[in-house]
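Could you slot chain C onto chain P? The hints should help.
The chain contents come next:
2 protein chains.
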Amino acid sequence: MAERHDAVDIIKTKRGGGTLADDQIDWVVDAYTRGVVADEQMSSLAMAILLRGMTREEISRWTAAMIATGERLDFSSLSRRTADKHSTGGVGDKITLPLAPLVAACGVAVPQLSGRGLGHTGGTLDKLEAIPGWRAALSNEEMMRQLEDVGAVICAAGSGLAPADKKLYALRDVTGTVEAIPLIASSIMSKKIAEGTGALVLDVKVGTGAFMKTEADARELARTMVDLGTDAGVVTTALLTDMSTPLGRACGNGLEVAESVEVLAGGGPADVVELTLALAREMLAGAGVTDVDPADALADGRAMDAWRRMIAAQGGDVDAPMPDAPHVEEVRAEADGVITRMDAMGVGVAAWRLGAGRARKEDPVQASAGVYLHRTLGEEVKAGDVIMTLHTETPERMPRGLAALADACDGAGTVEVTPGGSVERRLVIDRIA
Amino acid sequence: MAERHDAVDIIKTKRGGGTLADDQIDWVVDAYTRGVVADEQMSSLAMAILLRGMTREEISRWTAAMIATGERLDFSSLSRRTADKHSTGGVGDKITLPLAPLVAACGVAVPQLSGRGLGHTGGTLDKLEAIPGWRAALSNEEMMRQLEDVGAVICAAGSGLAPADKKLYALRDVTGTVEAIPLIASSIMSKKIAEGTGALVLDVKVGTGAFMKTEADARELARTMVDLGTDAGVVTTALLTDMSTPLGRACGNGLEVAESVEVLAGGGPADVVELTLALAREMLAGAGVTDVDPADALADGRAMDAWRRMIAAQGGDVDAPMPDAPHVEEVRAEADGVITRMDAMGVGVAAWRLGAGRARKEDPVQASAGVYLHRTLGEEVKAGDVIMTLHTETPERMPRGLAALADACDGAGTVEVTPGGSVERRLVIDRIA
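If you read the protein sequences in the order shown, they are chains P and C.
Mapping of the first sequence onto the numbering used here: position 93 corresponds to residue 93, and the numbering continues sequentially without gaps.
Mapping of the second sequence onto the numbering used here: position 103 corresponds to residue 103, and the numbering continues sequentially without gaps.
Excised from the complex, chain P in its bound form (with noise of 0.2 Å):
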């Protein structure tokens, strides 16, 4: 069959700053997925995209093409409204964990597609993975049961949805063109979408450890993300949330479970608790649920109680205990102080090179690596104190985990120690909506 449009046009439109039409859009994604549109003339297109950009009509056009390519999960037979969180991903970022029981305990169902980790930051799978028995591949029949028994699931994406995207996203990671706006948007909204949830919190991340370094950048991210959503029927809002600091102590897969399970008990780091209950409260009014405050399903231990089942519920030992890394070194304070920087990317860099993440999507990452933070941003330390611990299982990467704390900042170090210092953290940056 004659293809309706020529892909030179298209890239040569974008290229001199000019809008796809729509059926351009259409095509260009559709005969990509297809092979028709060759590699190497959507790497041209996406280099276009991210030094031309899209206007929102293009993005929201671009997200449903990318849609259309695969199946949509429809979650109207359930018997609650659904909601869902995406995190543009940090360095400590376990939020989800405590967050999908605690919503499921609140009232709406959460349908939590999830992705593994790359480079610095954790994967929400790998985590759960660090549970014994515990496992990431659902069929879309047994999320469905899960969801309506439980009301939560949290398993990996199916090839099902938006297949266009895995092999875009794989394309622009070798090419040089990951950081378009448009294309991250489209990404992560065209999944998010196809997934069918009815209400979506966007936790975008700013600062050294995110993806986005500046507020500018993370603030135009949001908006476009927000705007696609909502054009395309779903609730959402998004908060501008810091990660120039890890969140809470844990830093690793089985670590971050233990904190999890920490902040589910009622404890936790207060970080940690405090964004769990800002982004469930999102959740929980873009599903229209306004009369059940989150804090109490986490002191009354509903939350928990739906973490145990959701966790059992995919094969979990809920009762297992986190394993020890059989490698642990300690990192201590040199003179008193305030720690006035505990720097997001050193940490997560050097939880990655101790084992806890991968450079590599088929590499396998290691349960009980990781880096735990016993002293963080704003607390004392006298010198001779432990302010970190670093784990893993294999002692050859310990020096590759020390040299990533000590690299970071450009080689001023992970940790800054100022005697008498102070410092203000604002976790929650800005809401958008």
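Don't read these hints as lab results, they were simulated from the structure.
Be aware that one or more of the hints could be misleading.
[Unchecked claim] Pulled from the structure, derived: some chain C residues nowhere near chain P, Cβ distances all over 12 Å: (1) Glu58; (2) Ser76; (3) Val292; (4) Asp317.
[To be verified] Within a straight-line C-alpha distance of at most 30 Å, the following computed DSS-like cross-link-like pairs (lysine-lysine) qualify: (5) Lys167(C) <-> Lys12(P); (6) Lys12(C) <-> Lys12(P); (7) Lys213(P) <-> Lys12(C); (8) Lys12(C) <-> Lys361(P); (9) Lys166(C) <-> Lys12(P); (10) Lys167(P) <-> Lys12(C); (11) Lys12(P) <-> Lys382(C); (12) Lys167(C) <-> Lys12(C).
Quick reminder that beta carbons are idealized off the backbone N, C-alpha and C, glycines included.
Below, chain C without anything else, positioned relative to chain P:
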């Protein structure tokens, strides 16, 4: 062996408007030729170059890196100096045919490695192949011998010169990245510098029938190429010349050979003679020959002698008449007046549709197809006079040729006849050295 650079870093540098280091350029061009840098990586880099530009130093280095992927010819053993010409391509541009023997007749050797036509612009090799027996493919040894014996050779560029360029050009063609001046300039100049000519004149066309539609773009391309040649030690100048109207009266392979022979016989259209002489003077001056007037060599038959020996040396039957097309249609004037427009693109596309050109490089071309302008720009016509004839070997192409004439200039048509009109044409717009 570990690669010493990463393609994504290089792409991101150019994407951000940065300057590539010499070593990055050397590596990326070489690694692309070796297949280590993938097509999809080079295409996003090409788009970034197109939109972000390159410094003079980057373009020189890129050109040198392309040359380094292949062989270089060496004419230093010749008893004469060498000079070459390159045209950016036009309609009716047969100038190489009279020019090469003319310059040879004046004592400077001309090693013309030429290409074939694509789209509406003709190719020198296609034109010469209208001569029975003539062959384009010569070994390096045959080329050297002919240069020594005859002083001029027009032949196909071997695959040994700048193979990176061949691969890159094919990629740019399908990825919307042809129109990047740094890449156009380095593509042309890598082959001309590798070819080893001592002097070079560039005929940079401007106008509807040219690749560069505006004088500003043509000027930038000319400046870039002259700088590249100069930086590589080749005496390089450029003429900006008009390509809003076809050169001469003949457009089509055999038709243009016949017109070239007229010029070599001391006749022919004034514009073809003017441009041939202007370019010959540049080539001679570039080779240091300033005491010879090429007009004399045209007038006294020495250029014709060199032509006959040049064609015969490559097997061509120099006395064979050019073939007549079996199907000819006339286009007549509808009113009295002066021809105030004879659009180069209209005529070029018509000749192509009639069979003189090709859409894909593997397509054949017809020797006798084309358009002959019995009247052209600035000439008077009376209603009913034949303005042009269309020639083809395949009658079903005739309507397509006529349609191309009518469609030109956004539907206003190729030819405009204005009662009492007048028009001035500046053939050589500027000289850039």
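Q.
If you test the structure against every hint from before, which numbers come out violated?
A. Hint check: 11 fails alone, others pass.
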